[in-house]
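Colleague: Residue numbers (this note's numbering), protein chains in the order written: chain A, 1 to 179; chain B, 1 to 197.
Zero decoy hints are in this set.
With a straight-line Cα cutoff of 20 Å, these simulated SDA-like cross-link-like pairs (lysine to any residue) come out:
{"#": "1", "chain 1": "A", "residue 1": "66", "chain 2": "B", "residue 2": "59"}
{"#": "2", "chain 1": "A", "residue 1": "141", "chain 2": "B", "residue 2": "46"}
{"#": "3", "chain 1": "A", "residue 1": "66", "chain 2": "A", "residue 2": "54"}
{"#": "4", "chain 1": "A", "residue 1": "52", "chain 2": "A", "residue 2": "62"}
{"#": "5", "chain 1": "A", "residue 1": "66", "chain 2": "A", "residue 2": "19"}
{"#": "6", "chain 1": "A", "residue 1": "66", "chain 2": "A", "residue 2": "56"}
{"#": "7", "chain 1": "A", "residue 1": "66", "chain 2": "B", "residue 2": "62"}
{"#": "8", "chain 1": "A", "residue 1": "66", "chain 2": "B", "residue 2": "58"}
{"#": "9", "chain 1": "A", "residue 1": "52", "chain 2": "B", "residue 2": "60"}
{"#": "10", "chain 1": "A", "residue 1": "141", "chain 2": "B", "residue 2": "79"}
{"#": "11", "chain 1": "A", "residue 1": "66", "chain 2": "B", "residue 2": "33"}
{"#": "12", "chain 1": "A", "residue 1": "135", "chain 2": "A", "residue 2": "166"}
{"#": "13", "chain 1": "A", "residue 1": "52", "chain 2": "B", "residue 2": "59"}
{"#": "14", "chain 1": "A", "residue 1": "141", "chain 2": "A", "residue 2": "127"}
{"#": "15", "chain 1": "A", "residue 1": "66", "chain 2": "B", "residue 2": "54"}
{"#": "16", "chain 1": "A", "residue 1": "66", "chain 2": "A", "residue 2": "51"}
{"#": "17", "chain 1": "A", "residue 1": "52", "chain 2": "A", "residue 2": "17"}
Derived by calculation from the structure, the hints in this document are not laboratory data. Keep in mind it's a predicted model, so treat the numbers as computed, not measured.
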Amino acid sequence: MRRLTSQDGERIDPAEVDRWFRQYGGPLRSFLLGVTSDPDAAEEALQATFTKAMEAGHTARAETLKGWLFRVAYNEAMLAGRKRQRQDRSLKRLAESPLTETATPEDLVSLDESIRGVRELIDELPADQQAVLRKRIYEDKTFRVIAEELGAPLGTVLTRMRSALAKLHQRLSEQGPEE
Amino acid sequence: MAAETNQPLLGDAGTEVPVVDPVMDPVMDLAETDWLAFAYVAGELDGEELAGWEARLAEGEIEACEAVVRSVDLVGAASVPSQPVVAGEGVSGKPDTRAEGWRLVVAAAVCLLLVVGLSFRNDGQVAKTPASVAVSDQGADDGLLLSTWAGGTVSEADEMRGSNGSEAEVAESELEVPEWMIAAMSLPEEINRGHDE
Chain A
1 MRRLTSQDGE
11 RIDPAEVDRW
21 FRQYGGPLRS
31 FLLGVTSDPD
41 AAEEALQATF
51 TKAMEAGHTA
61 RAETLKGWLF
71 RVAYNEAMLA
81 GRKRQRQDRS
91 LKRLAESPLT
101 ETATPEDLVS
111 LDESIRGVRE
121 LIDELPADQQ
131 AVLRKRIYED
141 KTFRVIAEEL
151 GAPLGTVLTR
161 MRSALAKLHQ
171 RLSEQGPEE
Chain B
1 MAAETNQPLL
11 GDAGTEVPVV
21 DPVMDPVMDL
31 AETDWLAFAY
41 VAGELDGEEL
51 AGWEARLAEG
61 EIEACEAVVR
71 SVDLVGAASV
81 PSQPVVAGEG
91 VSGKPDTRAE
101 GWRLVVAAAV
111 CLLLVVGLSF
121 RNDGQVAKTP
131 ASVAVSDQGA
141 DDGLLLSTWA
151 GGTVSEADEM
161 RGSNGSEAEV
171 AESELEVPEW
181 MIAAMSLPEE
191 INRGHDE
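In isolation and in its complexed conformation, chain B is listed as follows (with noise of 0.2 Å):
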């Protein structure tokens, strides 16, 4: 593309760069390397000014390797497109961490609103079952019970919403507590202590 450029580019004698009024563009002190360097990287040096300058990159020499640095990063910086950028967004598009947290804070206030709730639907529905153990005595024990278990079948539920969208059926088949977990819940301390022994 740079191929037609065979005169030096970069103001030497002899070239036609001509002066700038230095009133009207103040600001005209390009330091010579970053312009070799500009030039370097967009392909624009050739012959033995491209040689010259690849040796100094090859020594390591600082000032031409950081010159490159600069001009690359000015050119990135340069093209990025423009797009707005969201406060607190990187312009890699990352997620803003404060907005994530609290969709989290949100989200995990709903499962437990979901939860307590439907604990105290199922303390209704123990209490009307015949079937179901008596389980006065171990309010808490009791209360964790039935809060887990509401909570295992909330993601259950909304499953089978999705597959009939029958909400009436899913609450009916949602507070049916196991029998076997209800007295095993019940059962007096000694027995649990002997079998753990």
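So that you can see chain A by itself, here it is in the shape it has in the complex (with noise of 0.2 Å):
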């Protein structure tokens, strides 16, 4: 087991925080916004997240970091009370945030092709799954809602749906190494 303490022992290396800021904050603040649902109060989170990185980062150890950074942004949105109601939740509100605020150059390729082939391939799904994928996202319907006004049963639409997603989570995992 290995902590990551600095030379003395007893705090994090400022410069350890830092990598792990520019190895992890991208995934970190795609979290938080996921949780948070509000751009600002992701960002707050992602702070307060590596502050508390500085004061108790050597506590945590090497094989459970990343664990242990989700651990802790979860707890700050939630100390921040930047827990959003079920009701508050929006995916247009989610597509509002700057996906390239802090991006490097290679991160705005990538992007630019995550962003392209997610593109294509929405255009390129069978014409059911498009529209529910359509309605759920950029008209942030509900799944009862659209399986309303497609007269079409809401395990149909669920399915069309989660067919969709798989396609598209496929096309990004291919374009876009995970972490």
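Make one complex out of these two single chains by using the hints.
Modeller: In structure tokens form, the structure reads like this:
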């Protein structure tokens, strides 16, 4: 078990925390965005997470560092009262968040490819899957409302969405190496 | 917005998720965790499902947390406004640095041409001005001086053009090199050295 302490053995080396930020900052931001549904709140919680990492990072173990950071991030979001009620969740708000705020040029290239790939794939999806996906993501309608609008059983709508998501996830995983 | 969903949406036993024909749709293998994460992000989780999912996140369970990351990234990628992305320009709209570099090179070349052109004109002007001090033996220094002076007057001239639009007047004034400057450059080297010491 390896503890992440500085040379004096008490505090984490700031350079180490900086490395964590570069490595995990992007995924943590996305994670917090998913938890809070609010770009500003996600940013605040991200800052708080790395402040906490500076204070208590020496207690983390290298083998479980990523999980430690996710746990701290989630707790910081909760402490700040940023947890959104289910009714407040909105894919539109997520969609409005800037993906490129702190992205490096390499990230931007990768992101650009991902966006192109996802968009192309959405256009290639079967019409019924495309309709559900567009209504859910772009129009932010619930599955139940979509089912009513399409005159289809809820289960059918869910299946179409799930199938569309599977393809999109696959495309994203092909284009962007996961952390 | 999603308050009306009270039943599980995730295909557990008893729900109405139909079986999909694998021949018609072979990519129907979305991991349950990814589906839960999407439902969570979309606000479609409720009750026990939501509590259970949030407990996984609170524990820092990598699989669940990364699934949330993937869902957010997917929604983000799918939702970016459709606009043509210019080659060399990221989605953030950052300017192309190569194009900017070329603009700088062209601007520098124009400035250089202006300076050189004005220097030649100033050479003639100095010779014709009776009050000017003769500077015949110090060609290199004079060239530098005139270039510097002419370069310095370009922006002033531009300003004047902007204010009264009279280019002829500007041309006259910008070729006037102060006598003190030419005299200073014409002093013998010994004097300059003596001042320095």
